[in-house]
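For the protein sequence lines, the chains are U and Z, in the order given.
Using this note's numbering, the first residue of the first sequence is number 1, and each one after it goes up by one.
Using this note's numbering, the first residue of the second sequence is number 250, and each one after it goes up by one.
For the record, the hints were derived by calculation from the structure and aren't laboratory data.
Derived CB-CB ranges, DEER-like:
#1 Z/Lys-599 to U/Asp-179: 52 to 58 Å
#2 Z/Pro-622 to U/Gln-119: 28 to 34 Å
#3 U/Ala-69 to Z/Asp-580: 53 to 59 Å
#4 U/Glu-65 to Z/Glu-664: 37 to 43 Å
#5 Z/Glu-664 to U/Asp-179: 37 to 43 Å
#6 Z/Ala-649 to U/Asp-214: 44 to 50 Å
To spell it out: a stretch of chain Z is covered by chain U in this simulated footprint if at least three of its residues, at any positions, have a beta carbon under 8 Å from a beta carbon of chain U; those stretches are:
#7 627-635
#8 645-654
Sample of chain Z residues at the chain U side, in silico, Cβ under 8 Å:
#9 Pro-622
#10 Glu-623
#11 Gln-624
#12 Met-641
Even glycine gets a Cβ: it sits at the ideal position worked out from N, Cα and C.
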Amino acid sequence: MLEIRGLTAAVDGKPILHGIDLAVPTGEVHAIMGPNGSGKSTLSYVLAGRDGYEVTGGSATFDGEDLLAMAPEARAAAGLFLAFQYPVELPGVGNANFLRTALNALRRARGEAELDAVQFLKLARVEAKRLSMPDDMLKRNVNVGFSGGEKKRNEVLQMAILRPRLAILDETDSGLDIDALRIVADGVNALRSPQSSALVITHYQRLLDHIVPDRVHVLAGGRIVRSGGPELARVLEEGGYASVVADAA
Amino acid sequence: MNALAPLPPAWLREGAAAFLSRYEGLRERLPGDVAVRAAGAAAFRGRGLPGMREEAWHYTSLRALAETRFAEPLTPVADCATLMARLPALDAPRLVFVDGRFRDDLSLVPTLAAVRVGGPGYGTLAQPGREQMVALNTMLAEDGATIEVAEGADAGTLLLVSLGTGGPPDRPVAFHPRHALRLGTGARLVLFEVALGAGGYLHNAVLEVSVGADAALTHLRLQDESSAAFHVSTLYAEIAARGTYDSFALALGARLARMEVHARLAGKGAAAHLNAAQLLGGAQHGDFTTVVTHDAPHCASRQTVKNVLAGRSRGVFQGRIEVARDAQKTDGYQMNQALLLSAEAEIDSKPQLEIYADDVKCSHGATVGELDPEQMFYLRSRGIPAPEARAMLVRAFLAAAFEPITHAAGRAALEAAAAGWWERQAS
Ligand SMILES: Nc1ncnc2c1ncn2[C@@H]1O[C@H](COP(=O)(O)OP(=O)(O)OP(=O)(O)O)[C@@H](O)[C@H]1O
Ligand SMILES: [Mg+2]
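In isolation and in its complexed conformation, chain U is listed as follows:
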């Protein structure tokens, strides 16, 4: 589904990614772990198409299509979703309106009929309930005044409603309490299917107890320095990054 080859990228002229090779086959969940500043968020932004993240070499394809040539909205329409490490506040934009606009944009792109406000609210309420989010969070402005954990839940709510085929979760577990972590993990697991994949960026083994990945990759200094099965996360938890990073160097 996702194929990244020799990807290099710079931010503000500063090279951050130094040649990423990574393939996430359809139906698999992969985890990326790595020290602060190693380039995990940069990789996720490059894949989602954020301005200012300049690809300087390599390629990334999504279902064989050149992902890097697409506008961000086209990537979303193709089935990509990024849960932001730092969700953005949108004062003056109601959460329900935002979600419905997004869902209808995707439905339009897929040639499906748009949902009216009533149909949408019904769907949104079900998903919000599943994530133990109070209904009033649909009425509030997007992420404005949300606590850290509420923002992360709101990302998962968007994911649940938009139903991407490839979800990239950038530290969605950071800042969540234990119950929320489980809820979020359930949300991701609910989307698991033979047709969809996920790339889960995290610092903690804990999340991976709930979302058991097919593969774990260690990103350090802008490169994947180590890949392995789910047991790799446990090795990291015990020995820290120093061991694997030093190993690879």
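Model the placement of chain Z with the ligands on the given structure of chain U, informed by the hints.
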């Protein structure tokens, strides 16, 4: 030093002379109080059209207006159906003026209104000696509405409509409607004022508003003039004790527009809200100028003014708050915000506080910004195409200005007009 002030430029003098000669030709036939009109004419003869040397007109040039030779509006034969169809769908009586003249056939006259220039209160608030465009209006006004809401009455909603037809393309017309509105003690009214049009014209309106003690006027204003039109309007509001003047103006039309409001809080506990949004694109110039005078204690004034500027447009906001010596416990707030959608758009913002009382709370602020790229990316990453994402963020920027409008149908009409403006920008 030469004590003589430099002469205004020739084009300004010639523009004023054209209006004066029109007055000379018409004066016998003009209605209303001759003395008020003569005083207006004398003021205009003395000062002419305002130039950019005048402090109040420092950011707005009337050169294009002064260089246009306006003709007399013809007795309207024009079919106004297209323009009438653009009126907000409000279930309310309406007074319709076409090229400044009252049109009975298009109106649904409420019992509380009379159509004439010079009812009670006419000329008592306006300052033709100070405001030149008001002097011009006073000199040439041909028609207008006089609206009175009796003590304690709730008059519901009333539409006050100006349609400009512009006549043939080479024959722009000028009209100077003169309206007066009085709310008796405890009276209530929602006035929805709409200015629309097609073709070239000058609409130079004056409205004198008196809000009685404990009375409440909600004044919604939509300026959606033709893109070839000049729009100048000057409003004077005087608010008695515990009275409320609650206004919201949406300005999105005209090649050049100036909306000027003078609000005087005259009695203890009075309140004025002068909220506005200017949406400008292309080469449009929009000027929103306010003077709020706190002349009594315990009064509150609130202004939230939003500007969305696209293309090469230029927005101006001038807001003066004057607090008299005995206007203690004044609560004044003013905020002017601009969203620039292009590198060539420009905003001039000039707040002015003149405070002579010592126990007051007055604050003002101004912000200028562009669309936040992070917010744009967030929306697009959810599949929302860039133009739609931009529209959402512009609407979000305006939301705080529309929010205080409590009249649901009026607010919906204004929001629809703003959405229409946005669609015109995008296409
Ligand atoms: N605009 C920028 N200009 C310069 N350097 C930048 C810029 N944005 C990011 N960087 C740098 O790029 C590097 C990678 O940042 P990134 O956010 O991708 O790290 P990360 O792996 O997600 O870290 P964390 O675990 O803390 O979230 C960091 O050293 C960061 O300082
Ligand atoms: Mg990060």
